[in-house]
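Participant: Chain by chain, the residues:
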Amino acid sequence: MTLVLLILIPLLTGALSFAVKGDAAKGLALISTMATLAISAIVSAGNYTAPPATFSCEWMPQLGASFSLLADGMSSMLCLLTGIVMMVVMISQVNKDVERPGSFYGFMLLAQAGLMGVFLASDALLFYFFWELALIPVYFLCSQWGGEKRIQVTFKFFVYTFLGSLMMLAGLIFLATRNPGANAYSWANIVHTGASLPVGQQMWLFWLIFIAFAIKMPIFPFHTWQPDTYEQSPTPVTIVLSALMVKMGLFAVLRWLLPVLPAGVDYWSNTVIVLSVIGIVYASCIAIVQTDIKRLVAYSSIAHMGLMCAVAFAHNGVGMHGIMVQMFNHGINITGMWLIVSMIENRWGTRDMTKLGGMASTAPQMAIALVIISLANIALPLTNGFVGEFMLFNGLFGGAFANHMTVMVIAGLGIILGAVYTLNMIQKTAYGEATTMVIAKDLSINEYVGLAIIITLILFLGFYPKPLLDLTASVAGMIVH
Amino acid sequence: MNAIIATTVFGILMMFIGLMVNNKKTVTSLAAVFFLGLLGVNIYDLATVPADAPQMMFNNMLRMDHTSMWFNTLMTGCTALYILLMGKEFEKVGTHVAEYFALIFFILCGLYLLSTFNTMLMLFIGIEIMSIPQYILAGSDKRNLKSSEASLKYFLMGAFSTGILLMGITLLYGASRSFNIQDMVSVLHSESLSPLALAGIMFIVVALGFKVSAAPMHTWTPDVYDGTPTAFTAYMATVVKAGVFYAFMRLFHVAFANLGEHWILIIAIIAAATLLVGNVTAVFQQSVKRMLAYSSIAQAGFMLFAVIAVNNTAWNAIMIYAVAYSVATIGVFSVLIKLKDYTYDGFNGLAQKNPFLAFVATIFLFSLAGIPLTGGFMAKYYVLTAVVEQGNLLWLVIFALLMAAISVYYYFRVIIAMYFKTGEPELTSPVTMGDKVMMLVTCAIVILAGIAPQILLSHM
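Here the protein sequences line up with chains A and B, keeping their order. Terminal number for the first sequence in the numbering used here: 481, no gaps in between. Terminal number for the second sequence in the numbering used here: 1460, no gaps in between.
Calculated from the structure, these hints are not laboratory results. Beta carbons: idealized from backbone N, C-alpha and C, even for Gly. Take these hints with a grain of salt, some might be off.
To be verified - Taking beta-carbon pairs under 8 angstroms as the criterion, some of the chain B residues facing chain A (in silico):
1) Gly1040
2) Ile1371
3) Leu1373
4) Leu1384
5) Val1388
6) Ile1398
7) Leu1401
8) Ala1405
9) Phe1412
10) Ile1416
11) Phe1420
12) Gly1423
13) Pro1453
14) Ile1455
15) Leu1457
What the hints assert, rightly or not - Dumping the calculated DMTMM-like pairs for lysine to aspartate or glutamate here, alpha-carbon to alpha-carbon at most 20 angstroms:
16) A:Lys156 to A:Glu132
17) A:Lys149 to A:Glu345
18) B:Lys1421 to A:Glu99
19) B:Lys1142 to B:Asp1226
20) B:Lys1092 to B:Asp1226
21) B:Lys1146 to B:Asp1226
22) B:Lys1353 to A:Glu99
23) B:Lys1024 to B:Glu1089
24) B:Lys1421 to A:Glu148
25) A:Lys96 to A:Glu433
26) A:Lys149 to B:Asp1345
27) A:Lys355 to A:Asp470
This is chain B alone, in the form it adopts within the complex:
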């Protein structure tokens, strides 16, 4: 509750600061302070919401339970980490630095609504609050044609999928006479299911599938992620996506809990398709940034596992996956943004030129590939365990493992370029002491999540 207000206030404050403060460095520092403050507010919220008594807000529109608050805290933590790692890069994108920070505050506001929504209306509003700032961020590099293309493409496709989402909500309302997801679960049963509800669920699957870039609704992703300034791609591909996944799970595990037989197999097939498209296409990319776009599709396939498995392990899984994937991807992007050339060849010989960058990038890539002792392994472990516990979907597990082995190919290509090839990689800016400290902190989080994942679950 406090966090929703705080992030809005901070966002508006940032916009005014943009008018009054001209020094970009000051703006960036202020923003970092605000984000840490927001993290503090989240921790306060987490402490005040009792573990077993969720708070209902706004006529039962929002339901603040402990798990959601913990998810908010973790995602705010990831955002703060992202700002500390890459905030400086915002200055290079354009002149309106303060507004970029403001937009990120608004995205977080949308994320808080998505993780606590209790009615379909809040789900819709949350998704819109989250999406609109992203359309702006995608086009923030105005003079770059690719950035404008990304923004327009994202906006058109996003608006289209929003329409589909609304249509789904309407149909479900017709079937259940309620927007409230707690009411829905008591009305929607397999025995007496109206076709309206089924159609509604399918519409919602498509719309949310679009937001999390699940195949075959993924086609916007590579162009948008590629065209968006790198500093913002890192955020769009990580925390934002994790937020939508959380909403996805919340909706399907609560409202449609009794209808598993109708949607689990469909989402399982979507997950398999997402894994296939993401991993196989990533193999053929020449640009690391584009590869990361496809890898984010592939990782979305794994995160869908948490939606498929309707059990407690799935909630643990999404929590760990969201953090491990976000932190590692933000880390990789923080290395990528230091390089001039985004192709694989641009990484050639990085280990000789800058061993530190190469080392941290290796840890992050290990995590994305799911090598043990990194957070990425535990994340994959949890989603796989959740699906195995669910039963009947072992084919999906085996298929996912084959795909995970393929993913090693493109992640390790970067490592091979850095360590085993020679070249003269050019850096856009020197790696300062501050960068190094933040990158090491990020590495430490990745490894900690791999050795002691229970820390990430401690408040559930």
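So here's chain A without its partners, still in its complex pose:
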């Protein structure tokens, strides 16, 4: 029942929020996200001592779909991430005003409900429902509260992802109809059916299902919606998109693709790895020449997701474990990055790096936070990013596929290039002459709290990642066998 609460709390408070006027919506959202975080922490803690929590009740038996949820290590870890990120977002919003706050926070909470559902669903049709439910609020958020070009950019994003999800739906229907029954859509049945299909069918079914996830992550060449959408979205939405929604894609690969179509995955893994590695290098190179910080972070995110996706197809236990850890860490780090970017934008009125500078002298606390988070983002030892990335490269190195050394070396370039653009950004924004006349305030209380949570997590998990590793170990082992 606690699992249902994880979905129900944001869903109900979200619906309620539409009716609430003014700042009350903000408070409601903050309380709601705190409650959800507390419950997801309880669910995660339960995983250390007991078998994973499940919930199941009848939904559409004629179709073979049931309302079943499962919170194993990976699911509860991602729920925890969702809880933390949403709460930090709400904290950072405390001193900000948005137009029509009731609708804004309502949509944010609905998106959270959708995300929780995606991470928890253990029924394919339910998974598909939540997959779409997470998308629609984001569509409205970007289109109403975004930047100048928001409407066409968001529309492109929507059609892109919607098309992908429809393809996935066709794949899931195909799987469910091969083995009909009252539980045709249950995860166990889908895995059983998929794995027993002949290789020829798995080969094309793979793309039908993978394309939805590839668009969501996004993997080169399906990434074109991403930088524009990140740039045009209001920061809270960008955080939801980049810290949480892209994880939906990766999570879905681990849960609904790798175990389901093993032969298809074997056949196509080299292709996907090559695409991912191209994505890493390509996105890093583009990030280097960006002057807009928001676009820079967007491209860096493509590079990071590309690495995780490559390892997901490398069929290696350590790598798989690394993905779990890195999903969490990347979510935390990128949230921090976006928070700082939005603070910069609010204070100096620009995101153009060439016009910024001297943050270290005008707003030292902010500069310190920026440096720590950036270093975590390029995986410096003793930050959380290092643990994850180390395991990821370990996975690529030990991967059972052709030319894994070459792939690892090229992917490793991504780290170096990452250091180039990140350090360049730090230099241009934090140091140097203060180029603008704007007198910037340093962190306000709520920003301080938000960043403190992020930085604490970065440092804590950098020193002592064991809780995170323990939580996800069994699931990682299960996926790779």
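Fit chain B to the given chain A structure using the hints.
Facilitator: Relative to the frame of chain A, chain B by itself:
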């Protein structure tokens, strides 16, 4: 049985009421009561026909099985909903309000025959009873040139397709020596098939394809739907079409069940063409009403899936599709009719001016686009599942999904206009409390059909 008599009696009664009662409001209220009464009669019929023993009527001309009665009940329910939502708008079309209601009763009579026919003659009569009132409704706005054009165009093309249907029936009679569809299925086999039967089937495909506006027999649709007064377009594009689809399925799944290899691929290609033409052309429309006309072609492409898939899921699919599509389209039209300007620009800024209208319109458009949690999603889900179960037609499924993604473009254009653009939309009449309640009920049905579609299948 009772429903067929009741709808005829109600129709004739309405005509006399038109002579005696001058107050339009009274006529509308009476009509609403009659439609609810008709719904009651349908429910009574449904309860009295046993689930496993179909009743044969009129020398085996009609076959009342439980599924057909349930379809009739659902479609009568949709009609009642339509009357409650848009009945008031009839008063604005012209002076003969009572006659419009009478015509709708007669259309329902045709629909009841179509859903229960057991011989080709009843199919023909049903289609004619259904079509002729539509020709009149299309031209009901006499002084409007476009309305007259719509009526004439519809009549000429309709008469032409009726001729083709008759020709098909004749050829089939020649091949099978029977009008009875139960007899036909035992006579028509692939091994010893006479060319007459094949030609007959093709004629019937064309004629019924015309009635459901399947490409390339769809060309009348946009002009007719556009020219017809909006209040009647909503009905012609929904319940009527669903009725013909039901007859289409009944004929092909019963009489031609053994001949699948001869017609399935042809209808699959027609479905693909319909999806392509409907969706791609809808993208380029400037008027929302015309867009909805093309969208109804596109949705017909999806409904053809139920004809293609000869299995039980297809029957579930047509049931859900008929209701989900009808309710959502009637809903969209009920919003559209409140606006003065039918172009996309006419919707600009509706969310600020009237958040309620914008909200319900969004739900209806979501359903038409097939977004989960709405009836439209479950409808698409069922038709796709039916075709996947059929096998061998996966190309059609993938193609349909691509087309579904295109459809998002034109449905969301309305949402974008309402929510993200600014403007001063003008309303023709204020949205009363009664309107709001009915629209909310319609919304609730759309969402209920998306969460618990089994309710719509409970009596099959």
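Participant: Evaluate each hint against the coordinates.
Facilitator: Okay, the hints, checked on the actual structure:
no., hint, in the structure
1, Gly1040, "violated (28 angstroms)"
2, Ile1371, "holds (6 angstroms)"
3, Leu1373, "holds (7 angstroms)"
4, Leu1384, "holds (6 angstroms)"
5, Val1388, "holds (5 angstroms)"
6, Ile1398, "holds (6 angstroms)"
7, Leu1401, "holds (4 angstroms)"
8, Ala1405, "holds (4 angstroms)"
9, Phe1412, "holds (7 angstroms)"
10, Ile1416, "holds (6 angstroms)"
11, Phe1420, "holds (5 angstroms)"
12, Gly1423, "violated (14 angstroms)"
13, Pro1453, "holds (7 angstroms)"
14, Ile1455, "violated (11 angstroms)"
15, Leu1457, "holds (7 angstroms)"
16, A:Lys156 to A:Glu132, "holds (16 angstroms)"
17, A:Lys149 to A:Glu345, "holds (18 angstroms)"
18, B:Lys1421 to A:Glu99, "holds (15 angstroms)"
19, B:Lys1142 to B:Asp1226, "holds (15 angstroms)"
20, B:Lys1092 to B:Asp1226, "holds (17 angstroms)"
21, B:Lys1146 to B:Asp1226, "holds (8 angstroms)"
22, B:Lys1353 to A:Glu99, "holds (17 angstroms)"
23, B:Lys1024 to B:Glu1089, "holds (11 angstroms)"
24, B:Lys1421 to A:Glu148, "holds (12 angstroms)"
25, A:Lys96 to A:Glu433, "violated (28 angstroms)"
26, A:Lys149 to B:Asp1345, "holds (19 angstroms)"
27, A:Lys355 to A:Asp470, "violated (45 angstroms)"
Checked against the numbered hints given earlier, this structure breaks hints 1, 12, 14, 25, 27; the rest are met.
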